[in-house]
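Each chain is listed here by its residues.
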Amino acid sequence: MLALRLSVPSTLTRPTRMVERNLLVYRRTFMVIFSGFFEPLFYLFSMGFGVGALVGAVQLENGSTVAYAVFVAPALLASSAMNGAIYETSNNFFFKLKYAKLYDAIIATPMSLRDVARGEILWALLRGSLYVVGFLVVIAVLGIAGLGLISSPLGILAFPAAMVVGFAFAGAGMAATTFVRKWQDFDFLQLAIMPMFLFSGTFYPISAYPPALQVFVQCTPLYRGVHLIRALTTGNPDVWIAVDVAYLMAMGLIGLWIVGKRLNKLLLA
Amino acid sequence: MPDETSTTDAVIHARGLKKCFGEFTAVDGVDFDVAPGEAFGFLGPNGAGKTSTMRMIGCVSPVTAGTLTVFGLDPAHDGARIRSRLGVVPQADTLDNELSVLENLLVYGRYFGLPWSESRRRATELLDFVQLTDRAKDQVEPLSGGMKRRLVIARALINEPALLLLDEPTTGLDPQARHLLWDRLYRLKQRGVTLCLTTHYMDEAEQLCDRLVVMDKAKIVAGGSPRQLIEQYVTREVLELRFNRGEGETDDGAHLDGQLDGLADRIEQLPDRLLVYTADGDATAAAAFERGLRPASILVRRSTLEDVFLRLTGRSLVE
Chain A
3 MLALRLSVPS
13 TLTRPTRMVE
23 RNLLVYRRTF
33 MVIFSGFFEP
43 LFYLFSMGFG
53 VGALVGAVQL
63 ENGSTVAYAV
73 FVAPALLASS
83 AMNGAIYETS
93 NNFFFKLKYA
103 KLYDAIIATP
113 MSLRDVARGE
123 ILWALLRGSL
133 YVVGFLVVIA
143 VLGIAGLGLI
153 SSPLGILAFP
163 AAMVVGFAFA
173 GAGMAATTFV
183 RKWQDFDFLQ
193 LAIMPMFLFS
203 GTFYPISAYP
213 PALQVFVQCT
223 PLYRGVHLIR
233 ALTTGNPDVW
243 IAVDVAYLMA
253 MGLIGLWIVG
263 KRLNKLLLA
Chain B
57 MPDETSTTDA
67 VIHARGLKKC
77 FGEFTAVDGV
87 DFDVAPGEAF
97 GFLGPNGAGK
107 TSTMRMIGCV
117 SPVTAGTLTV
127 FGLDPAHDGA
137 RIRSRLGVVP
147 QADTLDNELS
157 VLENLLVYGR
167 YFGLPWSESR
177 RRATELLDFV
187 QLTDRAKDQV
197 EPLSGGMKRR
207 LVIARALINE
217 PALLLLDEPT
227 TGLDPQARHL
237 LWDRLYRLKQ
247 RGVTLCLTTH
257 YMDEAEQLCD
267 RLVVMDKAKI
277 VAGGSPRQLI
287 EQYVTREVLE
297 LRFNRGEGET
307 DDGAHLDGQL
317 DGLADRIEQL
327 PDRLLVYTAD
337 GDATAAAAFE
347 RGLRPASILV
357 RRSTLEDVFL
367 RLTGRSLVE
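Line by line, the protein sequences are chains A and B. Using the working numbering, read the first sequence as starting at 3 and increasing by one per residue. Using the working numbering, read the second sequence as starting at 57 and increasing by one per residue.
Treat the hints with caution; some may be incorrect.
Unchecked claim - Simulated pairs of lysine-lysine, DSS-like, Cα-Cα distance not exceeding 27 Å: (1) B:Lys204 to B:Lys245; (2) B:Lys273 to A:Lys267; (3) B:Lys275 to B:Lys74; (4) A:Lys267 to A:Lys98; (5) B:Lys193 to A:Lys98; (6) A:Lys263 to A:Lys184; (7) B:Lys74 to A:Lys263; (8) A:Lys100 to B:Lys204; (9) B:Lys204 to A:Lys98; (10) B:Lys74 to A:Lys267; (11) A:Lys184 to A:Lys267; (12) B:Lys275 to A:Lys267; (13) A:Lys100 to A:Lys184; (14) A:Lys263 to A:Lys98; (15) A:Lys103 to A:Lys263; (16) A:Lys100 to A:Lys263; (17) A:Lys184 to A:Lys103; (18) B:Lys193 to A:Lys103; (19) B:Lys273 to B:Lys74; (20) A:Lys103 to B:Lys204; (21) A:Lys98 to A:Lys184; (22) A:Lys267 to A:Lys100.
Calculated from the structure, these hints are not laboratory results. Keep in mind the model is a prediction, meaning the values are calculated, not measured.
Model the full structure from these sequences, guided by the hints.
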């Protein structure tokens, strides 16, 4: 009577079932994913090379100077990882949670809400990794064409670094979404994302700000992501990249923890 | 009512089971046992606490107080193990509208940890069982209500559950779709699947349930087989009498002036008719006619669970 015919899948494999489900859905609408790939490229060409032709060289924190496109490219990579993660964990996650009632059906299975949260974040990261890889491939091609945007072998670490940025924003974005009640609330999310994209040392060094404002910007997550990836692609790693990684990982993990708590409260009444 | 001896092999065992949402008590200390292979029902109006009870059994709603075991396991600690052997058909269709009919089953099988090949084998079989094979590649959205409900049942069977929980399985379906669904559930029962369902349709309870409990206002007010309940609480037959009354008047029976006294075990006054409970409806009708009563219409029928519910609570099931 009590013998279990089905062994309960382990905590490690269960989140991937969520990814499988999303893959099946996106198999049909794969083109949607490509829109997120072109956005950072357009920025790279307009800002990096267009505006860059007027700006010339930019001085890095350690005093060395690089071409403007070299300065902007890693920031666009970090922003792209952020946007990919936010896109998947805001509107898409909200729709599944509130309207499609997807998770209500899933919790009737051995899957837990923790599995759901981990699976959705894993999916957001996988989707984001497509953009990151695409962007890196374009940079590599430009490098072969003589427009080198990555000036250090450490640049190879830009990929895992971008994944860490994605994880931070996926966790935080998903946690924020569990508090959203209606679609209009996402305007507030954009109110946080847009200034971060513009002012986090993305398009110019933060030395342009007064000291107090510099400290404030340094405490924002996208700045940490930009700093991390830029340090790697320009070959200027300092001790602060350890802070970047710790900050971003903590942000993602705390987000994930909040998501678990909130989903339990929302769905297991 | 359940006896204590049946607890050892009971699929579901509840004692003093309670569910509160803040100040509101949805389920107020209910006792019941469901035996293996049995079809067990919760009959009651909306808001009686049926769905809350089902959600606790399904391990998606924490027990506030009392004892609940499913397969002898505690939902608080072994939720995932219990759910791996449960099939759940919720009241609202929670199908995945972004997947096709077949994919809904495949992916659900994956949530249970089935290998893809096994999930596909079972999904194909189940689509046949619920007569949806020709819709396998279609989207879910355009399916009719009855088809969607059948798909939800197929989905609930993908893990070959030992216990199937059905929350108002045929609410909102047309008669033809209901009968098709009842037939499938009856076949499952014959295969030895334990069924536990809620309903506010007495005909559904009579069709499907070996045993049922009547719930009202968070409590169980009676229990037994449909036949037992009818024998215990009402007479074998009911004589329904309608009288032509003036516009807007309700039939309070006052005009009868006691003319039915001694003819019936009990008389219920509904807004539009009188229910006269008696062992022999025809004889009572004839006797009433002899006493000079001239109702506009006379109907003699067998007593149903609806009458049991009316007797127990003073209210109709479907209002």
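Going through the hints against the structure:
no.	hint	result
1	B:Lys204 to B:Lys245	holds (21 Å)
2	B:Lys273 to A:Lys267	holds (25 Å)
3	B:Lys275 to B:Lys74	holds (10 Å)
4	A:Lys267 to A:Lys98	holds (16 Å)
5	B:Lys193 to A:Lys98	holds (22 Å)
6	A:Lys263 to A:Lys184	holds (20 Å)
7	B:Lys74 to A:Lys263	holds (23 Å)
8	A:Lys100 to B:Lys204	holds (20 Å)
9	B:Lys204 to A:Lys98	holds (19 Å)
10	B:Lys74 to A:Lys267	holds (19 Å)
11	A:Lys184 to A:Lys267	holds (18 Å)
12	B:Lys275 to A:Lys267	holds (26 Å)
13	A:Lys100 to A:Lys184	holds (9 Å)
14	A:Lys263 to A:Lys98	holds (17 Å)
15	A:Lys103 to A:Lys263	holds (18 Å)
16	A:Lys100 to A:Lys263	holds (16 Å)
17	A:Lys184 to A:Lys103	holds (15 Å)
18	B:Lys193 to A:Lys103	holds (22 Å)
19	B:Lys273 to B:Lys74	holds (13 Å)
20	A:Lys103 to B:Lys204	holds (15 Å)
21	A:Lys98 to A:Lys184	holds (13 Å)
22	A:Lys267 to A:Lys100	holds (14 Å)
In summary, this structure violates none of the numbered hints.
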